[in-house]
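Please work from the sequences and hints to get the whole structure.
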Amino acid sequence: MLWPMVQSAYLSFMDYNRIQPAQWVGLDNYRELLTDPAVGNALRNTLVYAVVVTPVTVGLALALALLLNRAIFARGLVRTAVFLPFIVSLGIVAIAWAFLLDPNIGLISHWLDGLGIVSTQGWLSDPQLAMPAVMVVGIWKTVGFYMVMYLAGLQSIPTELYEAASLDGAGPWTRFRNVTWPLLSNQTMLISIMAAIATLQAFDQIYVMTHGGPYFRTETLVMLVYRVGFEDLRLGYGSAISWVLLLGVFVLSMLQWGYFRKRAVTY
Amino acid sequence: MADTLLRPAAVDDEAPSPVRHDVRRLDRLWRVLTGVCGLVIAAAMLLPIIWMVLTAFKPESDIVAFPPTLWPRALTLEHVGDIWSQIPFARLYGNTIVFAGAVTVFSLLFDAMAAYALARLDFRGKNVVFVLVLVLLMLPYQVTLIPLYDTLAAVGLAGTLPGMIVPRLTNAFGIFFLRQFFLSLPRDLEEAARIDGASELRIFAQVIVPLAKPALLTLGLFHFQYNWNDLLWPLIMANDLESATLPAGLAMFMGQHVVEYGLLMAGSVLALLPVVVFFLLIQRSFVAGIATTGMK
Numbered sequence: 012m013l014w015p016m017v018q019s020a021y022l023s024f025m026d027y028n029r030i031q032p033a034q035w036v037g038l039d040n041y042r043e044l045l046t047d048p049a050v051g052n053a054l055r056n057t058l059v060y061a062v063v064v065t066p067v068t069v070g071l072a073l074a075l076a077l078l079l080n081r082a083i084f085a086r087g088l089v090r091t092a093v094f095l096p097f098i099v100s101l102g103i104v105a106i107a108w109a110f111l112l113d114p115n116i117g118l119i120s121h122w123l124d125g126l127g128i129v130s131t132q133g134w135l136s137d138p139q140l141a142m143p144a145v146m147v148v149g150i151w152k153t154v155g156f157y158m159v160m161y162l163a164g165l166q167s168i169p170t171e172l173y174e175a176a177s178l179d180g181a182g183p184w185t186r187f188r189n190v191t192w193p194l195l196s197n198q199t200m201l202i203s204i205m206a207a208i209a210t211l212q213a214f215d216q217i218y219v220m221t222h223g224g225p226y227f228r229t230e231t232l233v234m235l236v237y238r239v240g241f242e243d244l245r246l247g248y249g250s251a252i253s254w255v256l257l258l259g260v261f262v263l264s265m266l267q268w269g270y271f272r273k274r275a276v277t278y
Numbered sequence: 028m029a030d031t032l033l034r035p036a037a038v039d040d041e042a043p044s045p046v047r048h049d050v051r052r053l054d055r056l057w058r059v060l061t062g063v064c065g066l067v068i069a070a071a072m073l074l075p076i077i078w079m080v081l082t083a084f085k086p087e088s089d090i091v092a093f094p095p096t097l098w099p100r101a102l103t104l105e106h107v108g109d110i111w112s113q114i115p116f117a118r119l120y121g122n123t124i125v126f127a128g129a130v131t132v133f134s135l136l137f138d139a140m141a142a143y144a145l146a147r148l149d150f151r152g153k154n155v156v157f158v159l160v161l162v163l164l165m166l167p168y169q170v171t172l173i174p175l176y177d178t179l180a181a182v183g184l185a186g187t188l189p190g191m192i193v194p195r196l197t198n199a200f201g202i203f204f205l206r207q208f209f210l211s212l213p214r215d216l217e218e219a220a221r222i223d224g225a226s227e228l229r230i231f232a233q234v235i236v237p238l239a240k241p242a243l244l245t246l247g248l249f250h251f252q253y254n255w256n257d258l259l260w261p262l263i264m265a266n267d268l269e270s271a272t273l274p275a276g277l278a279m280f281m282g283q284h285v286v287e288y289g290l291l292m293a294g295s296v297l298a299l300l301p302v303v304v305f306f307l308l309i310q311r312s313f314v315a316g317i318a319t320t321g322m323k
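Protein chains in written order, with our numbering: chain A, 12 to 278; chain L, 28 to 323.
Honestly, the hints are just simulated from the structure, not real lab data.
Backbone N, C-alpha and C fix where the C-beta goes; we use that ideal spot for every residue, glycine too.
Fair warning: there could be bad hints in the mix.
Among the chain A residues that face chain L by a calculated CB cut under 8 Å, a handful are [unchecked claim]: (1) LEU78; (2) LEU111; (3) GLY117.
Here are some chain A residues the structure puts well away from chain L; computed CB gaps all over 12 Å [as the list claims (entries may be wrong)]: (4) LEU45; (5) ASP137; (6) LEU140; (7) PRO143; (8) ARG228.
Here's what the structure looks like:
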């Protein structure tokens, strides 16, 4: 029985050991990194993406879970529809999104034009609009997954608590505020951390839809690692940038962990 | 909590009947509204996917026509046939099946064994191993991309299917997920088997694995869809269209020829089909798997 244990521990050690900074990254890379405008730009884009997409996704996921936890018409269908984008490949569906947003033949562009929201350059080549466009796709992709996790949480809340609250005269908002929200706090913690980590690693839709453009406006850290490491073939420098990403993920996770830990509820 | 003084006013049941009638009508209106709301959300979420399916069957002239429409003006099967001859689509499909399939099967096996050891056996360094798994869970995989590629290149596996598969054979999330599930299983069965003289391997294969079926199915779906859909890793490992998986291959193809929309959509729809079918098949136990493993 020890063998597979050793095997998997060995494999996990291998992943871990392969990233010895001393072996792959000299200090020179880090020195360059600090002054490289591309890194600063990518870091800013990544943070903007994460700061906008994480709360919006979590909020929408909770709203959808609350709606779909009730007995509404065609509930199963709606749940599946919301979850389906998570199942399909963003690398593939992003191709469809790029077409839908095409300024000449794109269906969504056409509809938005009809509503008076006109983008002359097209959504993905307009420096102001490209980032919101990839954000929308990112949210569209993941919201269903977090919704399912929230649904699991909602279903674990004992109904007696709601009955008791109703007898005490609590309206829907009070019930949400005092029963649902605190009892979901563990779920919210997990979902927020997962969503934040995922947003810091945004790549697929950006690679397909904008390739980091226009004018590097959507170049995130992972996109930059890919460009520097595998397109410019500067593997050492790419690794250094990866570590900036790791540091970011680690710090953010710890901050969130600390924030939610104080508010953790056990029941 | 709520002020008890407010109680009489807020309880609907004690209200006189006309008011109750109103409440019921409001309730029905609310139900219709939420239902409509739900259907609109469903349609919006599915729009890109529906558009892909419909576009795959539109003739090229219809796709680039202005104004664009969702419904095809005419139908054709041309693209679905062309996709096999214009790009090495069969090859891409085969690569993806081998990659996602092998990773799913082996990863489930190794994850389950490691998780069993972590959940049920006592050995020195167990906590160290568990902490390492948690660290790996937090580590973004992009960080290991470059050294990993370098190591695989050093042993001559870069750009090959096995090279793509090997680093994915075990997965920190899988180990963690299954460990939590195994911890929740009753120990009685396992101890009964042990008293009967069953080996650890046998207990694992004949007691634990059957009990863990929903969790294994859920994790299997995760592994399968994740690897089937992954773009970055196959993009890095693939040398050309021949050695890529579907998402990477189609993204590469889009870079080379942006004009053949219908072809690309036909390929995309065919590429999405297996995961969607897999999901619809195990949908029930999937949601149950998430709910019962108590991911909280």
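Item to complete: Check each numbered hint from earlier against the structure, then list the numbers of those it violates in ascending order.
Response: Per hint list: zero violations.
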